[in-house]
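Novice: When we follow full-length UniProt numbering, the leftmost residue of the sequence shown carries the number 1, and every step to the right adds one.
Mixed in with the good hints, there may be bad ones.
The calculated lysine-lysine pairs, modelled on DSSO-like cross-linking and capped at a C-alpha distance of 30 angstroms, are [what the hints assert, rightly or not]:
no. : residue 1 : residue 2
1   : Lys-218   : Lys-147
2   : Lys-147   : Lys-195
3   : Lys-197   : Lys-218
4   : Lys-173   : Lys-147
5   : Lys-218   : Lys-173
6   : Lys-57    : Lys-72
What the hints contain is simulated information worked out from the structure, not anything from laboratory work.
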Amino acid sequence: MEFTYNQQHESNTKYTKVALVGLLHVALGYGLVQSLSKVNVHFDHPIETMLELTPLKAPPPPPPPKEPPKPKVAEAPKPVPIPQPEVVTPPPEPVETVQAQVTSDPAPAEPAPAQPAAAPASDSGTPGNIGTAVMADGCATPEYPAKALRNNETGTTTLALLVGADGHVESAKVQSSSGSRELDRAAVSALSMCKFKPGIASNGQPQAGWARLDYVWKLDS
1 MEFTYNQQHE
11 SNTKYTKVAL
21 VGLLHVALGY
31 GLVQSLSKVN
41 VHFDHPIETM
51 LELTPLKAPP
61 PPPPPKEPPK
71 PKVAEAPKPV
81 PIPQPEVVTP
91 PPEPVETVQA
101 QVTSDPAPAE
111 PAPAQPAAAP
121 ASDSGTPGNI
131 GTAVMADGCA
141 TPEYPAKALR
151 NNETGTTTLA
161 LLVGADGHVE
171 SAKVQSSSGS
181 RELDRAAVSA
191 LSMCKFKPGI
201 ASNGQPQAGW
211 ARLDYVWKLD
221 S
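Work out the full structure: start from the sequences and follow the hints.
Specialist: Following this line, the structure appears as structure tokens:
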């Protein structure tokens, strides 16, 4: 009977040890799980993260602002030209007392025969029946106008000269044309510079009067 009790006591002690060992394993397992959940992982080298950056396209620039339309300036109406009346100008009368163009010497005029002194001029200034003018001294002959010389113009110019009391010509007019305006102008221009014998009044004093002078234009053959 004593043997049985000892065996039972030993069996209980064995079961108790097995249970303690099992509890110890459970506790160790639980502690291991808890420790694993709190493990800190350390790396010797930092982990490099490579990020590939894709450049973004810049947005297109905004269009330039449109200039406001310039205001149109109304043009002033162009003035309409007023038609001017056509003025008809009559051709000027030939002027005898002009300076002739000098180019060459013509043939000397034939000397006029001596005549009585010119009669006094009338009050109207228009010569009437007048005598031939007599030169008081030598007078240079008129020079042949170049145009008349080129055109071989000839003729006789008859002048009416108003000779003053001092013998100088106060006025000269073409009484009879030579047919050439150039020759007539040259005769008036040159012969008006000559000095003539004045008319003699009834009291023997010189007086102004009209006298006639013929000048012949001719070319040497």
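Novice: It remains to establish, for every hint, whether it holds in the given structure.
Specialist: Verification of the supplied hints:
For the hint linking Lys-218 to Lys-147, the alpha-carbon distance of about 14 angstroms falls within 30 angstroms, and the restraint holds. Distance restraint check for Lys-147 and Lys-195: the Cα-Cα separation of roughly 28 angstroms lies within the 30 angstroms cut-off, and the hinted pair is therefore satisfied. Proposed proximity of Lys-197 and Lys-218 is supported: the alpha carbons are some 26 angstroms apart, at most 30 angstroms. A distance of roughly 22 angstroms separates the Cα atoms of Lys-173 and Lys-147; the hinted pair therefore holds under the 30 angstroms criterion.
A distance of roughly 21 angstroms separates the Cα atoms of Lys-218 and Lys-173; the hinted pair therefore holds under the 30 angstroms criterion. With a C-alpha separation of about 43 angstroms, the suggested pairing of Lys-57 with Lys-72 is violated against the 30 angstroms cut-off.
Of the numbered hints given earlier, the model fails hint 6 alone.
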